[in-house]
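Novice: Chain by chain, the residues run as shown.
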Amino acid sequence: MKFSNLRKNKNFKYLVALIIIFILLGIPSYIWTRRNVTTLAGRYNSPMSPVIMIPGSSASANRFDDLVKTVNRQYGEHHSLLKMTVHTNDKITYTGSIRPNDDRPFIVVGFENNNDGYANIKKQAAWFNLAFNKLKARYRFNSFNAFGHSNGGLIWTYFLENYFDDSTISINQMLTVGTPYNFEEKNTSNRTQMLHELVKNRDKIPEDLTYYSIAGTQLYTDDGIVPLGSVDAGKYIYEGHIKHYTLITLTGSKAQHSDMIDSNQFITIFHQYIVGNGVNNPGRSKTNKKVPKPRQ
Amino acid sequence: MKVQFKNKLEEKLVRGTLKIQKLLIYRIIQRTLLLIFPFALFGSFIKIIQTVILGKEGFLTDIFPTLNNDFIYRQIDNITNGLYDLSLGWVSVIAIFGAAKYTAKYYHRDDQLAGITGISSLLIVDYAYSKIQPVSFHTQILGMKGLLFAIILGMFIGWLFKKTSRPAPNLEDKATTSVIERAFISLKPIVFSLLIAIIFSTLINITYYSEAPGNFINSLATEYTSQNSWAQLLKTLVFAIYTLVMSFFGWSGTYSALGVEKMDILSTVNLNYALQKHTAWNAPNPFTSSTLYHAFATFGGTGAVLGLIIAILIVSHDKDFQTVARWAMIPSIFNISSGIMTGIPILFNVIFLIPFILAPIANMLMAALAIALHLMPPSVYPVPIGTPGPLIAFIATNGSWQALFFSVLAIIISTYIYIPFVKMAAKVKLLDNLGLEEGDH
Numbered sequence: 001m002k003f004s005n006l007r008k009n010k011n012f013k014y015l016v017a018l019i020i021i022f023i024l025l026g027i028p029s030y031i032w033t034r035r036n037v038t039t040l041a042g043r044y045n046s047p048m049s050p051v052i053m054i055p056g057s058s059a060s061a062n063r064f065d066d067l068v069k070t071v072n073r074q075y076g077e078h079h080s081l082l083k084m085t086v087h088t089n090d091k092i093t094y095t096g097s098i099r100p101n102d103d104r105p106f107i108v109v110g111f112e113n114n115n116d117g118y119a120n121i122k123k124q125a126a127w128f129n130l131a132f133n134k135l136k137a138r139y140r141f142n143s144f145n146a147f148g149h150s151n152g153g154l155i156w157t158y159f160l161e162n163y164f165d166d167s168t169i170s171i172n173q174m175l176t177v178g179t180p181y182n183f184e185e186k187n188t189s190n191r192t193q194m195l196h197e198l199v200k201n202r203d204k205i206p207e208d209l210t211y212y213s214i215a216g217t218q219l220y221t222d223d224g225i226v227p228l229g230s231v232d233a234g235k236y237i238y239e240g241h242i243k244h245y246t247l248i249t250l251t252g253s254k255a256q257h258s259d260m261i262d263s264n265q266f267i268t269i270f271h272q273y274i275v276g277n278g279v280n281n282p283g284r285s286k287t288n289k290k291v292p293k294p295r296q
Numbered sequence: 001m002k003v004q005f006k007n008k009l010e011e012k013l014v015r016g017t018l019k020i021q022k023l024l025i026y027r028i029i030q031r032t033l034l035l036i037f038p039f040a041l042f043g044s045f046i047k048i049i050q051t052v053i054l055g056k057e058g059f060l061t062d063i064f065p066t067l068n069n070d071f072i073y074r075q076i077d078n079i080t081n082g083l084y085d086l087s088l089g090w091v092s093v094i095a096i097f098g099a100a101k102y103t104a105k106y107y108h109r110d111d112q113l114a115g116i117t118g119i120s121s122l123l124i125v126d127y128a129y130s131k132i133q134p135v136s137f138h139t140q141i142l143g144m145k146g147l148l149f150a151i152i153l154g155m156f157i158g159w160l161f162k163k164t165s166r167p168a169p170n171l172e173d174k175a176t177t178s179v180i181e182r183a184f185i186s187l188k189p190i191v192f193s194l195l196i197a198i199i200f201s202t203l204i205n206i207t208y209y210s211e212a213p214g215n216f217i218n219s220l221a222t223e224y225t226s227q228n229s230w231a232q233l234l235k236t237l238v239f240a241i242y243t244l245v246m247s248f249f250g251w252s253g254t255y256s257a258l259g260v261e262k263m264d265i266l267s268t269v270n271l272n273y274a275l276q277k278h279t280a281w282n283a284p285n286p287f288t289s290s291t292l293y294h295a296f297a298t299f300g301g302t303g304a305v306l307g308l309i310i311a312i313l314i315v316s317h318d319k320d321f322q323t324v325a326r327w328a329m330i331p332s333i334f335n336i337s338s339g340i341m342t343g344i345p346i347l348f349n350v351i352f353l354i355p356f357i358l359a360p361i362a363n364m365l366m367a368a369l370a371i372a373l374h375l376m377p378p379s380v381y382p383v384p385i386g387t388p389g390p391l392i393a394f395i396a397t398n399g400s401w402q403a404l405f406f407s408v409l410a411i412i413i414s415t416y417i418y419i420p421f422v423k424m425a426a427k428v429k430l431l432d433n434l435g436l437e438e439g440d441h
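Line order of the protein sequences matches chains A and B. For the first sequence, the working numbering begins at 1 and goes up steadily by one. For the second sequence, the working numbering begins at 1 and goes up steadily by one.
Watch out, some of these pointers could steer you wrong.
Stated by the list, open to error - To give a feel for the contact side, a few chain B residues facing chain A, derived at Cβ under 10 Å: (1) Ala274; (2) Leu306; (3) Ile310; (4) Val315; (5) Ala325; (6) Pro390.
Unchecked claim - EDC-like mimics (lysine to aspartate or glutamate), calculated; alpha carbons at most 20 Å apart, straight line: (7) B/Lys162 x B/Glu181; (8) A/Lys204 x A/Glu239; (9) A/Lys123 x A/Asp90; (10) B/Lys423 x B/Asp320; (11) A/Lys122 x A/Asp203; (12) A/Lys122 x A/Glu197; (13) A/Lys10 x B/Asp318; (14) A/Lys13 x B/Asp318; (15) A/Lys122 x A/Asp90; (16) A/Lys13 x B/Asp320; (17) A/Lys10 x B/Asp320; (18) A/Lys235 x A/Glu185.
Note that these hints are calculated values from the structure, not bench results. C-beta: ideal position from N, C-alpha, C; glycine also.
Same shape as in the complex, but just chain B:
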């Protein structure tokens, strides 16, 4: 298929991406992400209800009158919790099924059993040895946070099937004999996987290790503060990049797209200043995470993906991209991006890594410049959780029209940054479509 390139750089990027796409690991990751997409999308709609409508400090809870009926509130709360926990809340379980299945399938091993073994192994690793609840799991690891780990473990299990069992006979060929036979062929890798999982689970406190680096970085982010504005700017940028890179791998970084992290001392100082002087102008710390990152870099969720959605709606001719963008639009309004992250997918997708980091950083620099030149006040007032990205700066400056103007500008900047990459992604897809089911007869 012939594809026209605009310039050398674009060609290089597309060719590079195609090379990476040839890697088995990459193919399996992308396939797995497409598998979890419907659950992530559904979960992100539920998440809107949970955080924006029901949440303690949710956007709509604060702005519209509250639901006073305790019973109805609890019922809705329970229903949404259940739906969320078993959709977006356990995507890692689905992911490990996919990763193990696709890997085993690639090696012509029993893919169904590999997938199921993957689920059991992940749940064993994640098992919480609690005296209170007989069967319980560390829930953080089952969600998006555990995605990378689940995919790696899943591929390891698929590989274990390759190493320790022989190819599975095709069921359709000799349907009469093979069911028991099939089970016994895969017995060895199943037992090995579960044993490795239980050893892992007993030796390592998974939540501790998965949270330890984050906690370390978080304490750096909140404890270390500088009086110098430029040092603040640098620090905010560094932690923003860290957050973006981590989010690219499905982890959460220092800054969350939903709500402001706790105990940012500089923001508190700003707020106190603003409440005393009755204005946000000239707040003592102009370049904190809330004035730059939360107010300007999280439109549509981490990575300013609202820009991507608009870019797709404007320039993309790809049907899949458009469908995903339309569906993911609503959760993205409330900064919940899991739908688009897994649907396009952006996660682990080398093409989108560049704009995913570039767009938020460009927005932050634009905002920093505007604040430094006194074109708009810094965002200092508290903002409810799930406030639509472009309205955060507006609300957090007590309705400053300048801030709203720069928010609109930020949307335009991020859209323009995403547009060339959307076109590139379309070309890559044309040359090598990972979404097609391969090897399925």
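The following block holds chain A by itself, in its conformation from the complex:
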């Protein structure tokens, strides 16, 4: 291929144009990559944003199997499910797996010691932190949604206040169901030690969090186990500190503490705020600003 021949080629101008385009695109990309690499700080552009779920006390990592199945069936989606159990000796066992192309897999973290009580919740939060670090290292996601059932919400809160570091990873939405921030105490003026400490450390919770708390009620006062006042006490931790705090009261036939996650109302809320987020909103940084009207 002689160059002089090439110049006579009538496509010569296209080839020159090609080279010019590459150079024009090359210069800004050079500047960009220089800047990007210096500010990268370990963040990896992963499109994956999992839903991490913690079951309540006395429940295992299998607690949400039906919920995941229902969501997949009802919405025609194919989320994969990974279940982790942290044992008392800090060992972690896994069941299920995350499908490679899944942008929004479900990850359930359960504990061998799943007993109630503030001392256990602190331990469980420490165990959860182990599991969370494993997940972070393994899947390199940089955002996630949180879901907690009952004490799972307390573990989340304790974890966010004591272990979570939001400089490398961000939590978008959190949803909890029947989380007893004041244990069995109905009257919020009687604060348990746990509530007292959670309120005290609330500054460490990431401020851009959007949080939906669901309280179930049967006969106006409790969901059979957790009093409405105890769920409502979460406002002392979150309200005014995070971006949005919403309390939803759920009533009806499946408003009992353990049944709630089977209720249609719950599944709709769960899908809308925890699973569906990101699908309708372009841009990862935008948070869902829709706030549902709490049912009174």
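Position chain B against the provided structure of chain A, taking the given hints into account.
Specialist: Just chain B, lined up with the frame of chain A:
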């Protein structure tokens, strides 16, 4: 027509291709591809806007300041989504129309009705039984991914028309009577096709089966990792060949030309190493998909087709080839190759199968050698989606000039590999041009 051959091998290849071109199936496939070309080309331009300008991690989104106006952003986003979904996003629907029509026409059956029956059948097979949206389809199968399936189904429908109906009377001969008559002649194959489609659709979850093999391979690609560099190299090559062969049939393989697949652990290890040591040199895993395949084998899209475009611009005298190459050049800069894949066409085209696999593999081996000899650092840093192929290695090594040099070398290698095949394709075309409308009076 007399054609001069340079050597025995070339003659053998050209003769072999001509033999394959005689096959009815092959002719129909090639004709169908030419039918979808304009849509694929238009769609690939829209795809540039979607991924490179609007996309979350697009090349221009990252490099140039972002569009801050939410309303305008959404409007553009909606417009491009609509245009894309109904051009490149549903080429399989167009393909089945073409395949069924051409097959029926070959057998002198009612080709228009066969084509329309094909569209309905494909949409039935692809129907998503969703409780939320009343009419919805599994969109992946309507795009390039479903192309092979659509063409086979289309030919089956054309064949069904042959088996179950008699030849259609020529409309122009007796225009007064035949419209209703024509419809009734084809009633049987139409009903059969739709019934078969609905049975198929009910029994088989099409998305599941179309994704299952891919998912299996993907999990192999991401889960199985080896510490040994040579095993890594072998694995990357094997998955690259798999991807190339699949792309040749319109499917997508393990590695996508747009963006790095998720959760490649080795690449993550590399990135962490590089961020700690502030250099990409001596990264622990030199032969991953991102250091070899994405950085050196996807120039212009899967199959290093930028080399083909340049080869056509330099050596080809064929007008059609040149027009396609000029038009497909712009999307190819951003690694979107659907235009050239259907326009030349490369898909299912036996001549181009060899360079389509050979060129990327040669580039990867060249890059592997350069990395092994420490002539350039491996590509470890993240690269925005739709980054022009020759700039990927440059960006991913934080602007290493050596990497840029080897990228230019890779373009030259792939162009040289494509050149003899472009000449061969021209000869084949001279002897037997599939692009000509045959049987059309």
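Novice: Does each hint fit the structure? Answer for all of them.
Specialist: Hints versus structure:
1. Ala274: holds, 8 Å
2. Leu306: holds, 8 Å
3. Ile310: Since chain A brings a Cβ to about 7 Å from isoleucine 310 of chain B, closer than 10 Å, the hint holds.
4. Val315: Cβ of valine 315 of chain B sits 8 Å from chain A, so the hint holds.
5. Ala325: This interface hint holds because 8 Å falls under the 10 Å limit.
6. Pro390: Check passed: Cβ of proline 390 of chain B comes within 6 Å of chain A, closer than 10 Å.
7. B/Lys162 x B/Glu181: holds, 17 Å
8. A/Lys204 x A/Glu239: holds, 14 Å
9. A/Lys123 x A/Asp90: holds, 11 Å
10. B/Lys423 x B/Asp320: holds, 14 Å
11. A/Lys122 x A/Asp203: Answer holds: lysine 122 of chain A to aspartate 203 of chain A is near 18 Å, not above 20 Å.
12. A/Lys122 x A/Glu197: At roughly 12 Å apart (the allowed maximum being 20 Å), glutamate 197 of chain A and lysine 122 of chain A satisfy the hint.
13. A/Lys10 x B/Asp318: Roughly 13 Å between the alpha carbons, so the hint for lysine 10 of chain A and aspartate 318 of chain B holds.
14. A/Lys13 x B/Asp318: Since the Cα atoms of lysine 13 of chain A and aspartate 318 of chain B sit roughly 17 Å apart, the hinted pair holds (cutoff 20 Å).
15. A/Lys122 x A/Asp90: With Cα atoms ~14 Å apart, lysine 122 of chain A and aspartate 90 of chain A stay inside 20 Å; holds.
16. A/Lys13 x B/Asp320: holds, 18 Å
17. A/Lys10 x B/Asp320: holds, 15 Å
18. A/Lys235 x A/Glu185: holds, 15 Å
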